[in-house]
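*Asks:* Letter by letter, the chains look like this.
Protein chains: 2
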Amino acid sequence: MQYYDRRNLDFLLEEVFKIQELSKYDFHKEHNLEAYKMVLDACTDLSTKYMRPILKEMDVNQPIMENGRIIVHPKMKELMNMFGEGGWINAPLSYEEGGQQMPYSVFNATMFIMGAANYSASVFPFLSAGAANLIRSFGTDEQKATYLDKMYAGIWQGTMALTEPEAGSSLGDLVTSAQRTEEGYYKIKGQKIFISCGDHDACENIIHLMLARIEGAPKGTKGISLFVVPRLRPEANGELVFNDVETAGVFHKMGYKGAPIAHLIMGEKDDCRAYLVGEEHKGLNCMFQMMNEARIAVGMNASSIASAAYYAALEYAKERKQGRKLGQRGKEQVTLIEHADVKRLLLLQRAMVEGSLSLLLECSNYADLIRLSEDEAAREKYEALLGLLTPVAKSYPAEMGCISTSAAIQCLGGYGFTNEYLPELFYREARIHPIHEGATAIHGMDLLGRKIAKDQGATLRILVAEIQRVTEEASKHPQLATAAVSLGKSLDKLVEVTMNLSMKAMQGQMEAFLSNATLYLDAFSHIVLAWQWLKQGLVACTALAEKEDVFYRAKLYTLEYFFNYELPKTRALFASLQANTNVTVEMDESHFF
Amino acid sequence: MQYYDRRNLDFLLEEVFKIQELSKYDFHKEHNLEAYKMVLDACTDLSTKYMRPILKEMDVNQPIMENGRIIVHPKMKELMNMFGEGGWINAPLSYEEGGQQMPYSVFNATMFIMGAANYSASVFPFLSAGAANLIRSFGTDEQKATYLDKMYAGIWQGTMALTEPEAGSSLGDLVTSAQRTEEGYYKIKGQKIFISCGDHDACENIIHLMLARIEGAPKGTKGISLFVVPRLRPEANGELVFNDVETAGVFHKMGYKGAPIAHLIMGEKDDCRAYLVGEEHKGLNCMFQMMNEARIAVGMNASSIASAAYYAALEYAKERKQGRKLGQRGKEQVTLIEHADVKRLLLLQRAMVEGSLSLLLECSNYADLIRLSEDEAAREKYEALLGLLTPVAKSYPAEMGCISTSAAIQCLGGYGFTNEYLPELFYREARIHPIHEGATAIHGMDLLGRKIAKDQGATLRILVAEIQRVTEEASKHPQLATAAVSLGKSLDKLVEVTMNLSMKAMQGQMEAFLSNATLYLDAFSHIVLAWQWLKQGLVACTALAEKEDVFYRAKLYTLEYFFNYELPKTRALFASLQANTNVTVEMDESHFF
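Protein chains in written order, with the numbering used here: chain G, 1 to 593; chain R, 594 to 1186.
No wet-lab data here; the hints were simulated from the structure.
Treat the hints with care, as some may be off.
What the hints assert, rightly or not - List of simulated lysine-lysine pairs, DSS-like, C-alpha gap at most 30 Å: (1) R:Lys911 - G:Lys222; (2) R:Lys1082 - G:Lys493; (3) R:Lys974 - G:Lys504; (4) R:Lys642 - R:Lys1082; (5) R:Lys622 - R:Lys611; (6) R:Lys924 - G:Lys504; (7) R:Lys914 - G:Lys454; (8) G:Lys75 - G:Lys150; (9) R:Lys815 - G:Lys321; (10) R:Lys974 - R:Lys611; (11) G:Lys257 - G:Lys222; (12) R:Lys862 - R:Lys780; (13) R:Lys1140 - R:Lys1069; (14) R:Lys1082 - G:Lys331; (15) R:Lys743 - G:Lys325; (16) R:Lys1140 - G:Lys318; (17) R:Lys1140 - G:Lys331; (18) G:Lys282 - R:Lys911; (19) G:Lys476 - G:Lys454; (20) G:Lys37 - G:Lys222; (21) G:Lys257 - R:Lys914; (22) G:Lys504 - R:Lys911; (23) R:Lys1082 - G:Lys219.
To be verified - The following residues of chain G were derived to be distant from chain R, with all beta-carbon distances above 10 Å: (24) Glu34; (25) Gly99; (26) Phe288; (27) Lys321; (28) Asp341; (29) Gly416; (30) Thr482; (31) Glu511; (32) Ile527; (33) Thr584.
Backbone N, C-alpha and C fix where the C-beta goes; we use that ideal spot for every residue, glycine too.
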């Protein structure tokens, strides 16, 4: 069964973001579009042949604890080897580092494909990549020599070990301690929870990139350091010795069941050795590299899941006959897809999936240009845009993924609620994304309170200019002119609302300033997505001017859906953001009984 | 753990809908408020002691097939006896019919309580009541004598058997056949799917109220007849003989797992006897009685589940410490409930739960007045309002239930996604409601295409007048005046949009007229809910004029939330409803590939 649309992925990479132009940079000079397509072919092949077939099994037979270890699906070991051997963990690295110098755009596209095939399985290699990349960026040569090859080969699993029982969103409150020793390493004591792939039997070893507080460190986020904490530590003689990282339990979840989420206890025998990565107390800065990568990945995977659900719903809607069109009483039943409301549900999913993917590839493209660009000003611009858009690229697909997979269920009616079909699985999986890698509210505050406020809107103005460039171009196309005007108006309103909110901050009403940051993020996201749709629309219009083609025509229909059904949601959000109420600040606990 | 708020239920019944005034009618003259409260006490007691404790067990150990029968939780047998003995199945009936002459308002309130305690378990008695009530309304004396006592006693289970493999939303396409016999009964052949409580071992017998087509009947909905089809048919000697209703399977679902949803095959041995209820070919008219009851029940249960999730989230938010308020860096962590965005999530749930419950009790009150009122004109008015509001009372709580339970999960963060806490269970359960008893799209078309269109808006005008009566009163209270203006404006806009849409119908553009009926229903619902909030607000204002009280103050805060965060959503919906697009009609299958 189809789980993503290759034509659309090619359209975005080639026609919208023109990845072939990356070949003008030395780093990618040996690549071309054909090579990129072969990568996507190979990824699709792997995903279809090896990942998709175990999707449901991994949901039904979730990881279990056995003798203090977590046991995952037996095929994961083979898969990890394939990920390692195929270069699916380290493809973006340079040749010298063992990579393939693959653009991030292409690599992230492969993540999209794998996530759509089997989200839980796709998380294992991604986490290894993120953890290994941290060592690569901030680790010592010895650390690199010790860990990287095995991690990139899929033999050792990497994790990001941040959350603790009392420190989730409030990371600065973590209490896991690291004690200096004379041998140079640190000794860890503490607990970590919700550690994805924190323990399992598909890899020989688990390498935690762990945040902890060195004794005597300042309170809060400025006293956090980053460590490598292997489950088994490699001794000088090559032997692997248990490093006192006990697996206390595995979490049982609503979805995303195939990936083992562990509760770990370190240092119960006072023998958990940790190796500092980067400088003392600067761990959070290092970790942000991985968190930012992970945020884009979460957006990508949320879109993946919604994509898989969309194609499941679409297949059903094309086959299942039910009811008639209005005024056709007595005639044969028609397929579901002939009903306007079913088309609306399908368009909703398509608009969210293809719009999200476009934004995520835009971000990936920025990441490429940041790495490649020799022009400092250009790099700074892309860095600013990527930073500003990261909360959107994480949260819009995450939140919309829940709505989109719900629409997929609705297309199937009663069957959609049963496990005979896949949408209910995707609906359960999708719900993790607004939670992990920063709950949506955190990203709202990151966007409004940090990314926009930090430079009095300078970064925001860069984005506004980018969007205006597109609306101006679109306004020249009769088919897009109305949409361009709508987006322009919404953008003006966004700027106005941003200024009004900033007034509150300037008046010192910080709580009121940020109390509706989640709504602000939602409105902001819709405008960003409208921009992405207009970009796609421009390409489609140009192509249609040459000759009629159902793919581009459908793009314009989906754009039409977005601008008439989704973008108007900003009206409600702006109304709330400008309403004369402070109820969520004023009301206190005593009013909740 | 709390699963509903008794103070709020009392407030609605006593202060908003004044059920004590029903005692002025002969039928209820022996009742009073105290008696009603005792009923709610008893229901809460039963729910807390017997239903809540098996909530999770029923989710984990879902019904299974064994030797052709469905096996449910072992406690269900005891529970069904308790429901029967306590009168929880037939309380609204007259004394002569074995009931307690309980107002529907009170009975529906007990359904709310039970559904909040354990939705799956609460479905069993409700279905028996609905099926038995159909026999009571349309059955022969013999049928009544044969079935009613056992069904009301909880010894026999009742069902509504409508859906077939090829006929879900399109009920008129059902093909189950009924062949006349010389003995007076009919012989059934066919299949039914998704039959709630369609088979299980907690009752001695299962009595299906089944729709089938008598041979030679007209096509479509006008050729459908209603039958009693017992699983075991009672012979003249009192013996129960297998009636050729085979259980082909049980559906495994995402939630609502405790209730057995059966696939039935009738007449494989040509020995499935059925007994006509009402007239031939008029079965759907009869069934509508049960369907309308069921729609209110679905709304009630969707609100129940959201209520249970809300109190689970609230409890967590009050206990769990995480983060600090802005500007309090370095201080102690505060509880989640002190964060504005968490309060917003809690207010969202509360506004949806309490608003939905208010609307559902309004509908229940109409049902009471229809039964009691001797004034023909008054009765007609209440019938019109109940009919108009039924799609809203079913669909708003159903759709909002998904959003509300999702907000509950979000309050718990990572823990909300695990089965250590209850919100994920409620999130899964809630998702059934937009599907069963008519998918949301069906109710949109029922509202706009039938209820409003049938009399050129005459019924709509009755509702508009009711709402205006409340806005006028509210406009006299300084605390409600702004809200009254908002609602008034939204109502004007609704009337305008309704007229614009009706123009399309008059021009014969039926598909365009109804293509956005789901959005119309959504906008309409928000206005209806705003009306319910204003009604509650009026009572709260009056009470606060006497003395300050945290309950009434919180009501006004929740109203403030609703008017500033929920009602504005109509702006987006109206914009879409008036947008110059026909994309969901124009786009055809070829554009989906």
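*Asks:* Next, verify each hint and record whether it holds.
*Replies:* Results for each hint:
Distance check on the hinted pair: R:Lys911 and G:Lys222 sit about 28 Å apart at the alpha-carbon level, within 30 Å; holds. Distance check on the hinted pair: R:Lys1082 and G:Lys493 sit about 22 Å apart at the alpha-carbon level, within 30 Å; holds. Annotation: proposed proximity of R:Lys974 to G:Lys504 is violated, straight-line Cα distance about 49 Å (limit 30 Å). With a CA separation close to 47 Å, the supplied pair R:Lys642 and R:Lys1082 exceeds the 30 Å bound.
For a cut-off of 30 Å, the pair hint linking R:Lys622 to R:Lys611 stands: about 15 Å separates their Cα positions. At roughly 23 Å between alpha-carbon atoms, R:Lys924 and G:Lys504 fall within 30 Å of each other, so this suggested pair holds. Between R:Lys914 and G:Lys454 the alpha-carbon distance is near 28 Å, which keeps this suggested pair within the 30 Å criterion. Under the criterion of a C-alpha separation no larger than 30 Å, the hint pairing G:Lys75 with G:Lys150 is consistent with the structure, at around 19 Å.
Only pairs whose Cα atoms come within 30 Å are accepted, and R:Lys815 paired with G:Lys321 is accepted, the gap being roughly 20 Å. The straight-line distance between the Cα atoms of R:Lys974 and R:Lys611 is roughly 19 Å, inside the 30 Å bound, and the hint therefore holds. Distance restraint check for G:Lys257 and G:Lys222: the Cα-Cα separation of roughly 34 Å exceeds the 30 Å cut-off, and the hinted pair is therefore not satisfied. Taking the CA atoms of R:Lys862 and R:Lys780, the gap is about 11 Å. The hint holds against a cut of 30 Å.
For the hint linking R:Lys1140 to R:Lys1069, the alpha-carbon distance of about 19 Å falls within 30 Å, and the restraint holds. The hinted pair formed by R:Lys1082 and G:Lys331 fails the criterion: a straight-line CA distance of about 43 Å is larger than 30 Å. Proximity of R:Lys743 to G:Lys325 is assessed by CA-CA distance (about 43 Å); at most 30 Å being required, the pair is judged violated. Proximity of R:Lys1140 to G:Lys318 is assessed by CA-CA distance (about 62 Å); at most 30 Å being required, the pair is judged violated.
For the proposed pair R:Lys1140 and G:Lys331, the alpha carbon gap of about 65 Å is over 30 Å, so the pair is violated. For the suggested pair G:Lys282 and R:Lys911, the alpha carbons sit about 33 Å apart, so the restraint of at most 30 Å is broken. Restraint check for G:Lys476 and G:Lys454: not satisfied, since their Cα atoms lie roughly 35 Å apart, outside the 30 Å limit. About 44 Å separates the Cα atoms of G:Lys37 and G:Lys222, which puts this hinted pair outside 30 Å; it is violated.
Between G:Lys257 and R:Lys914 the CA atoms are separated by roughly 27 Å; this keeps the pair inside 30 Å, and the hint holds. With a CA separation close to 28 Å, the supplied pair G:Lys504 and R:Lys911 stays within the 30 Å bound. Taking the CA atoms of R:Lys1082 and G:Lys219, the gap is about 52 Å. The hint is violated against a cut of 30 Å. With a minimum CB-CB distance of about 24 Å to chain R, G:Glu34 clears the 10 Å threshold, and the non-interface call stands.
No Cβ of chain R comes within 10 Å of the Cβ of G:Gly99; the nearest lies about 33 Å off, and the non-interface call holds. For G:Phe288, the non-interface assignment is confirmed: its Cβ lies about 18 Å from the closest Cβ of chain R, beyond the 10 Å cut-off. With a minimum CB-CB distance of about 7 Å to chain R, G:Lys321 fails to clear the 10 Å threshold, and the non-interface call is violated. Here G:Asp341 does not stay apart from chain R, with its beta-carbon only about 4 Å from theirs, under the 10 Å limit.
Its beta-carbon lying about 7 Å from the closest one in chain R, G:Gly416 breaks the requirement of being farther than 10 Å from that chain. Not every CB of chain R is more than 10 Å from the CB of G:Thr482 (nearest about 8 Å), against its label as outside the interface. Not every CB of chain R is more than 10 Å from the CB of G:Glu511 (nearest about 5 Å), against its label as outside the interface. Listed as a non-interface residue, G:Ile527 keeps its Cβ farther than 10 Å from every Cβ of chain R; the least gap is roughly 14 Å.
The claim that G:Thr584 lies off the interface is violated: its Cβ sits roughly 4 Å from the closest Cβ of chain R, which falls inside the 10 Å cut-off.
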